[in-house]
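Undergrad: Which chain is which? The protein sequence lines are H and Y, in order. If you're matching positions, the first sequence starts at 1 in the numbering used here and goes up one per residue. If you're matching positions, the second sequence starts at 1 in the numbering used here and goes up one per residue.
Source of the hints: derived by calculation from the structure; they are not laboratory data. A portion of the hints provided could be inaccurate.
One-sided excerpt, in silico: chain Y residues whose CB lies under 8 Å from chain H [to be verified]:
1) Gly49
2) Lys257
3) Gln258
4) Phe261
5) Phe280
When the alpha-carbon atoms are kept at most 27 Å apart in a straight line, the in silico DSS-like pairs for lysine-lysine are as follows [said to hold, decoys possible]:
6) H:Lys257 with Y:Lys46
7) H:Lys282 with Y:Lys209
8) H:Lys209 with Y:Lys224
9) H:Lys108 with H:Lys257
10) Y:Lys221 with H:Lys282
11) H:Lys257 with Y:Lys264
12) H:Lys264 with Y:Lys282
13) H:Lys257 with Y:Lys84
14) H:Lys108 with H:Lys209
15) Y:Lys257 with H:Lys209
16) Y:Lys257 with H:Lys224
17) H:Lys84 with H:Lys282
18) H:Lys224 with Y:Lys209
19) H:Lys257 with H:Lys245
20) H:Lys264 with Y:Lys224
Sample of chain H residues at the chain Y side, in silico, Cβ under 8 Å [said to hold, decoys possible]:
21) Gly19
22) Lys46
23) Asn50
24) Asp64
25) Cys143
26) Ile146
27) Trp237
28) Tyr266
Don't be surprised by glycine CBs; every beta carbon is placed ideally from N, CA and C.
2 protein chains.
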Amino acid sequence: MEIQNTDSTWFTESATEIGTAFSLATSSLLHQEKSAYQNIEIYQTKTFGNLMVLDGFIMLSTRDNFLYHEMMSHPALFSHSHPKHVAIVGGGDCGTLQQVAQHSCVEKITQIEIDERVTRVSEQYFPELCTSNHDPRVNFEFCDAIEWMRDAHADSIDIIIVDSTDPIGPAEGLFRKQFYQYCRSALTDNGLVIQQSESPIAHWESITKPMHHEMQAAGFKQTKTLFFPQPVYPTGWWSATMAAKNDIHLVRDHDAKQLNFDTKYYNYDIHLSAFAMPSFLKT
Amino acid sequence: MEIQNTDSTWFTESATEIGTAFSLATSSLLHQEKSAYQNIEIYQTKTFGNLMVLDGFIMLSTRDNFLYHEMMSHPALFSHSHPKHVAIVGGGDCGTLQQVAQHSCVEKITQIEIDERVTRVSEQYFPELCTSNHDPRVNFEFCDAIEWMRDAHADSIDIIIVDSTDPIGPAEGLFRKQFYQYCRSALTDNGLVIQQSESPIAHWESITKPMHHEMQAAGFKQTKTLFFPQPVYPTGWWSATMAAKNDIHLVRDHDAKQLNFDTKYYNYDIHLSAFAMPSFLKT
């Protein structure tokens, strides 16, 4: 049963299957539309800036999206010796894209998002995340990412970032071996995938661990999960999982130590620390 | 304005000053009493085990208290070469005490909790946290911790763990220079304090940073904050701050690597990683 919130000044997301709910105090509903794929809402909150909600699930807030977007991009980018072509699957709010664009070695960014409306709405309500949308290196493909990846040229992408919704509904196929096989084929020799992999304390057995298995079954040699805080997501604790054709390690360590762009969360120490495995997840 | 939750099957804590609320699905209210100091409630939740609530604020749940209790104890204990006498300020649920008692080098544990009812209720509803309450090394003092610390013998305690409620109301004095001076005087030469220090993203400027200043003003040479997830606390991201008469570093690194007791979260890698400072907190 969902939480009954009769007070219209709060937005509440009930995560009924894990028995929790998270609420943000809101000032107004700024935008609501039904796109071809989902219900898109933007709330103005009292303390977290703007809030994007897709089909009732919180996607991001102005205040704390930096945690997720930085950890979905920089650990992977610095784990590759020369990332030239980066593909982002999903990522419609463009926050991940913006972080990737900060790496000057990247020559091409392809974003494959099924719902163009998410990007257009983000340009309006999260303009600070969309500052790289007109970067000449960036190419938007508004289409199905599984088909796009199936048809991608072999050995053409260095890093694939899967910045998708949860593995229920439209994004389900993005958590399966078949998709990972397409990714592996599209990747160059030292290529790697990084994908959001849900809450370590709520979804490890049901989602994260099976992801490792599917990635390995698709032929990836090494998989590793990294951890970070994310207040607006269920349990406030989130993860991303990397899969590599070879080994996963911090290759561009000098660049990570001497960052030539601004970050709010990520730095060299955070990179190394993010991979520390809590004891209860080692079994 | 607090969230209006009309559904009695959820317990909701509104953190109105930070504009968030967190809810847990509940099955029943197991216990409620008004002690001399506060309102004590125990709920049975659907997915987080039992839940202790003091004056409307969530203290701990069966499911995720290990994160907090392990990080309030082991990083400090392994940062001291020979912790013999450990004092716990607050800690009425006894979860921290239990973790401390796992260190066989500890000869004496004194717990100074103002409200004996919290401990008695915990013995009933969190018996798994109270397994060391009758350890012959343990001494309970149910009294005011500031007065107790003021009157403590100089050079008599190796580690002081301040496992208190938030710095509003009764616990306010525990976040002040005067208390830290009492602590410093009671500590042995290599002594250190560790204290819960709220949410890095919600309370850094208002609580954590001032704590560092107060600790340093009290004469502590070094202060450091460590970070960990804690789903049932506001923002799901929490911190503890250490203050040392000398330097803070992992002294018993061999013991931390070769743990001779079970942990669910803490291990050697987690210890080192917990101190990584997010970039936005470095300014």
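Undergrad: If a hint holds in the structure, say so; if it does not, say that too.
TA: How the hints compare with the structure:
The interface hint given for Gly49 (chain Y) is broken, as the beta carbon of that residue sits about 10 Å from the closest beta carbon of chain H, more than 8 Å. This hint is violated: Lys257 (chain Y) has a C-beta 13 Å from the nearest C-beta of chain H, more than the 8 Å allowed. With a cut of 8 Å, the hint placing Gln258 (chain Y) at the interface with chain H is violated, because the nearest CB-to-CB distance is about 14 Å. Below 8 Å, beta-carbon pairs count as interface contacts, and Phe261 (chain Y) has none with chain H, the closest being about 11 Å; its hint is therefore violated.
The restraint placing Phe280 (chain Y) at the interface with chain H holds, with a minimum CB-CB distance near 4 Å, inside the 8 Å limit. Of the supplied pair hints, the one linking Lys257 (chain H) and Lys46 (chain Y) is violated, its CA atoms being roughly 45 Å apart against a limit of 27 Å. Restraint check: the Cα-Cα separation between Lys282 (chain H) and Lys209 (chain Y) comes to about 34 Å, which exceeds 27 Å; the hinted pair is violated. For the proposed pair Lys209 (chain H) and Lys224 (chain Y), the alpha carbon gap of about 34 Å is over 27 Å, so the pair is violated.
At roughly 24 Å between alpha-carbon atoms, Lys108 (chain H) and Lys257 (chain H) fall within 27 Å of each other, so this suggested pair holds. The hinted pair formed by Lys221 (chain Y) and Lys282 (chain H) fails the criterion: a straight-line CA distance of about 37 Å is larger than 27 Å. Our distance criterion of 27 Å between C-alpha atoms is broken by Lys257 (chain H) and Lys264 (chain Y), whose separation comes to about 31 Å. Of the supplied pair hints, the one linking Lys264 (chain H) and Lys282 (chain Y) holds, its CA atoms being roughly 10 Å apart against a limit of 27 Å.
Proximity of Lys257 (chain H) to Lys84 (chain Y) is assessed by CA-CA distance (about 39 Å); at most 27 Å being required, the pair is judged violated. Taken as a hint, the Lys108 (chain H) and Lys209 (chain H) pair is broken in the structure, with Cα atoms around 32 Å apart against an allowance of 27 Å. At most 27 Å may separate the alpha-carbon atoms for a hinted pair to count; Lys257 (chain Y) and Lys209 (chain H) meet this at roughly 25 Å. Our distance criterion of 27 Å between C-alpha atoms is met by Lys257 (chain Y) and Lys224 (chain H), whose separation comes to about 21 Å.
The suggested pairing of Lys84 (chain H) with Lys282 (chain H) is violated, with an alpha-carbon distance near 34 Å, which exceeds 27 Å. With a CA separation close to 34 Å, the supplied pair Lys224 (chain H) and Lys209 (chain Y) exceeds the 27 Å bound. Proposed proximity of Lys257 (chain H) and Lys245 (chain H) is supported: the alpha carbons are some 25 Å apart, at most 27 Å. The hinted pair formed by Lys264 (chain H) and Lys224 (chain Y) meets the criterion: a straight-line CA distance of about 19 Å does not exceed 27 Å.
For Gly19 (chain H), the suggested interface contact is upheld, since its CB lies about 3 Å from the closest CB of chain Y, less than 8 Å. Because the closest C-beta pair between Lys46 (chain H) and chain Y is about 4 Å apart, less than 8 Å, the hint holds. Using the Cβ-Cβ criterion of 8 Å, the hint placing Asn50 (chain H) at the interface with chain Y is not satisfied: the shortest such distance is roughly 13 Å. Satisfaction of the interface hint for Asp64 (chain H) is found here, the shortest Cβ-Cβ separation to chain Y being roughly 6 Å, below the 8 Å cut-off.
A hinted interface residue such as Cys143 (chain H) counts as satisfied when its beta carbon comes closer than 8 Å to some beta carbon of chain Y; here the least separation is about 35 Å, so the hint is violated. Below 8 Å, beta-carbon pairs count as interface contacts, and Ile146 (chain H) has none with chain Y, the closest being about 32 Å; its hint is therefore violated. Interface restraint check for Trp237 (chain H): the shortest CB-CB distance to chain Y comes to about 4 Å, inside 8 Å, so the restraint holds. Because the smallest distance between the Cβ of Tyr266 (chain H) and any Cβ of chain Y comes to about 7 Å, under 8 Å, the interface hint for this residue holds.
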